[in-house]
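**Q** Full structure from sequences and hints, please.
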Amino acid sequence: MREPGPARPLPSAGRERPSARPARRSLTQSVPQLTPGGKAAQAGVGVGDWVLYIDGESTSAMTHIEAQNRIRACGDRLCLTLSR
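The sequence shown lines up with residues 2 to 85 when you count with the working numbering.
Rather than coming from a laboratory, the hints here were simulated on the basis of the structure. What you are looking at is a predicted structure, and each value in this text was computed from that prediction instead of being measured. In this text, a Cβ means the ideal position worked out from N, Cα and C, and glycines have one as well. Keep in mind that the hints are not guaranteed to be accurate.
[Claimed, not checked] Label pairs and their computed distance ranges (CB to CB): (1) P33 - E58: 19 to 25 Å; (2) G38 - A62: 28 to 34 Å; (3) P37 - L83: 15 to 21 Å; (4) D56 - P33: 27 to 33 Å; (5) S31 - C75: 15 to 21 Å; (6) P37 - A62: 27 to 33 Å; (7) G38 - E58: 15 to 21 Å; (8) P37 - S61: 26 to 32 Å; (9) S59 - G38: 26 to 32 Å; (10) S59 - P37: 26 to 32 Å; (11) S84 - K40: 15 to 21 Å; (12) G47 - N70: 19 to 25 Å.
**A** Now the structure itself:
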């Protein structure tokens, strides 16, 4: 009979669940949705636009979550390079 291993805490809301698969990286990040009246919508960003650079850093090696976090961490100014 096998001894049980140490108890692992259950994932809680707001935290990523551990996965056996590595995080999926994309060549570019696309905009899946916008908040109506939000800053991105007001600035002319559209659903389906491709985010190529965030503040001069290429998104080609970022996961979607990394790109989201980088955008959310911006201060008053953010420079996005987009492709339609």
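**Q** Hint by hint, say whether it matches the structure.
**A** We went through each hint and held it up to the structure:
Roughly 20 Å separates the CB atoms of P33 and E58, a value that falls within the hinted 19 to 25 Å. With their beta carbons about 32 Å apart, G38 and A62 fall inside the hinted range of 28 to 34 Å. Against the hinted window of 15 to 21 Å, the Cβ-Cβ separation of P37 and L83 comes to about 19 Å, which satisfies the hint. Taking 27 to 33 Å as the suggested C-beta distance range, the pair D56 and P33 does not conform, at roughly 20 Å.
The hinted range of 15 to 21 Å is satisfied by S31 and C75, whose Cβ atoms lie roughly 19 Å apart. Under the hint 27 to 33 Å, the C-beta atoms of P37 and A62, about 31 Å apart, fit the expected range. A C-beta distance of roughly 27 Å is found between G38 and E58, which places it outside the suggested range of 15 to 21 Å. In this structure, P37 and S61 meet the distance hint of 26 to 32 Å, their C-beta atoms being roughly 29 Å apart.
Range check, S59 to G38: Cβ separation about 29 Å, and the 26 to 32 Å hint holds. S59 and P37 have their C-beta atoms about 29 Å apart, which keeps the hinted 26 to 32 Å range intact. The hinted range of 15 to 21 Å is satisfied by S84 and K40, whose Cβ atoms lie roughly 19 Å apart. For the pair G47 and N70, the beta carbons lie near 22 Å from each other, so the given range of 19 to 25 Å is met.
The structure fails to meet hints 4, 7 from the earlier list, while all remaining hints are met.
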